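Protein sequences, first through last, are from chains A and B. With my numbering, the residue at position 170 of the first sequence is 172, and numbering never jumps. With my numbering, the residue at position 208 of the second sequence is 760, and numbering never jumps.
Accuracy of the hints is not assured; some may be wrong.
[What the hints assert, rightly or not] Cβ-to-Cβ under 7 angstroms is the rule here; a few derived chain B residues that face chain A: (1) 603; (2) 635; (3) 644; (4) 647.
[Stated by the list, open to error] A few chain A residues that face chain B, going by a derived Cβ cut-off under 7 angstroms, partial list only: (5) 10; (6) 12; (7) 215.
Keep in mind that the hints were calculated from the coordinates and are not lab data. Computed from a prediction, not measured in an experiment: that's the story for all the values here. Note that CB positions come from ideal geometry on N, CA and C, so glycine has one too.
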Amino acid sequence: MNRFSAFIQKEFRHILRDRRTLMILFGMPVIQVLLFGYVLTNEIKNAAIAILDPAKTEESIALTNKLVSSGYFQLEQNIPSEADLEAAFKSGKIKMAVVFPADFSVAPNKPADIQLIGDASDPNTATTLINYANAIIADFVQEKAPVASSGTAIMAIRTETRMRYNPEQKAVFNFVPGVMTLILMLVSAMMTSITIAREKELGTMEVLLVSPLKPIQIILGKTAPYLALTLLNALVVVLVGIYIFGMPLQGSILLLTAECVLYMFVALSLGILISTKAKDQMTAMFISALGLMMPTMLLSGFIFPRESMPVPLQVVGSVIPATWFNPIIKGIMIKGTGLDVLWKQTAVLGGMALFFLAVSLRNFKDRL
Amino acid sequence: MSTIISTDKLTKTFGAFTAVNAISFDVMEGEIFGFLGANGAGKTTALKMLTGLLTPSSGKATVAGFDVWKQPEQVKQRIGYMSQKFSLYEDLTVRENIRLFGGIYGLSMPIIREKTTSLLHKLELEPEADKLVKSLPLGWKQKLAFSVALLHDPRIVFLDEPTSGVDPLTRRQFWELIYEAAHQGVTLMVTTHYMEEAEYCNRLSMMVDGRIVALDTPGALKNQYQARNMDEVFRKIARG
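So here's chain B without its partners, still in its complex pose:
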């Protein structure tokens, strides 16, 4: 397996406040990599730097082999992103949303049509294809948003708290989609504050006050901190 994301002392300061403090880590291709931490720990800021939404104060990061700030065009074509807030257009229909994002990522019309058909089939959304997205239940919207983020076959998808606000059952179904994507070789980087979700990740990094304080597989972390579950690991780490 090869490295697909690599950061070196990545730092972001806002005035006197250091949101992300010199974090260095590597993510392997096809991995589900979790970013855990309390609100304000810096995980969203870190993710925003990797997607090019924020410029870092110092440090370096490469995504899919390209420097995030020197070669943003190459990076952008190879990544997908699903934001904390729901990221589709509610006043467009399911089909129109798919077409829009296909178009923005430069897919040709025949490919967009083909992808629309298979995506609608997979999500069993055919009857809703021409309904406005706002009429769908939240869980369906999230699944649709994730599938749209995968539309242009990105090598990496960044998910910023994708399951916040959905019920546990839908969350499980959502993770099935994530596993399926990982199985097909897509690398997934997920931020979350649901500790049971952390168990689903291949590897985890725990962030506290802008620093990565622990980084390993869920099993190894539980061993290291002699905890029964990730929640306990997190509480032990947070206590210092």
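In isolation and in its complexed conformation, chain A is listed as follows:
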């Protein structure tokens, strides 16, 4: 029997018999994508609002209907007087209130006032809601203005906005690539570092090193199964993105696969590097989680825009593989970008892969 295949067979057995590993490998990716996809969206649907409309004019009712039928808002309650506003906000049932004046009417050359009140205990949501409402009201005015002001010429600039590549502004378009960077890093780096650290902890690594297997065969044998499984994971994440969340795949699937493999190589070599430093599985897990997971989530630009970070954090972010991989997946999936644009990010990742692999191979034998 071939030495190497005997070794790989064993590695698959370890994975399939360890429930914890299986959970991390197959449970986590799907759960994460679904979580990020459904829960952590920054788009808002059916936000509860209250309307205070003492006027009840034709226009105020029309505007209320327009707001509610937009899909962003849901009428929670009609408030009889301004005194009841406070209670409505305090109860937490509403996120925003629209207050019409008693004499509300849309007439030419006579500006009408509407008050929008947001619950800024959650500033992001409040801002988003107010913006949505403003846009809808502006639209309403545009519709009414020509009729109302027939005969009088008024100055108007009509802005036409197009949200390119993602007209519906689905947050999932951002999260699916982000989760890919996370999962591939997590599975590849954390799992390889843990599996190698485990052999060290149990003492079996010595037995392997005394055997005729070469160090490079041991490393490849330990990482190859994870490489295969991670690729499978990447496929699952992409499929969930496409079929459940309606992500497009504009670019080449071949290029996407190749870039994923490249990124996994970076992650795997990082995992090996960690395992040469860590004496046991717990240490390996902690280094991977703190050293790789957190920066990948926070500094790569996946959740927070890199442009608004302080310069030192931007510098730290630029040595994180995900920072370079994120634009690659987004480019390929959403914009259909090719290697002619993405060569720079690809080259950086390639350099990282070579560097980490060289360092970890050098460390491997000395440290064990």
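Since chain A is already given, all that's left is putting chain B on it; use the hints.
Frame of chain A, contents of chain B only:
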């Protein structure tokens, strides 16, 4: 009898600390050669250099006629190793472990099957063949590990404190396996800190602070130090 292991001023330093200090000795083919010493005396370090796990700082060693650092491939195929920690995979079955190590040492599938059958029979492990190793009692695991280390018919087997943590009865049974292997011409190099085990060896080397301070048969050592047993020999040597 011919020499099968030979070291010449073998030395290992870790920074300023000298773990093994210029040890020179020869081991004959078919011999059970014991490495004795307190914890930290350097016996495990010496063993790790002979198996290629550690690179020596200076000196030379040949195992089975090959230079340990210049011809590691030839050496590796001819030696077996059982580490201080238990060296089989607990989450694999008995049969799978045998197959794995057979495979790693390049045995063909028919030979692995044949060896599996005879090994299971010898250890009376047939009913446990498809059970996970972790379900076996420690003594059985040790015996299985030793048999697996012998699977590829190595000429030398290195055993690093193989019996630590097992009860005296199992230890005896384990030594019966060692004798049997020696009887078949396998050379065994054993480190231990159980002094009664030292009596079982053909020859012993006593290590103190990285040096070999005594090397002879157990009988000759007892005579030389006028001691009744190896424990006394060891205490007299350690006292200086």
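Going through the hints against the structure:
1. 603: Result: holds, 5 angstroms to nearest chain A Cβ.
2. 635: holds, 5 angstroms
3. 644: holds, 6 angstroms
4. 647: Result: violated, 12 angstroms to nearest chain A Cβ.
5. 10: violated, 10 angstroms
6. 12: holds, 5 angstroms
7. 215: Result: holds, 6 angstroms to nearest chain B Cβ.
Of the numbered hints stated above, those contradicted by the structure are hints 4 and 5, listed in ascending order.
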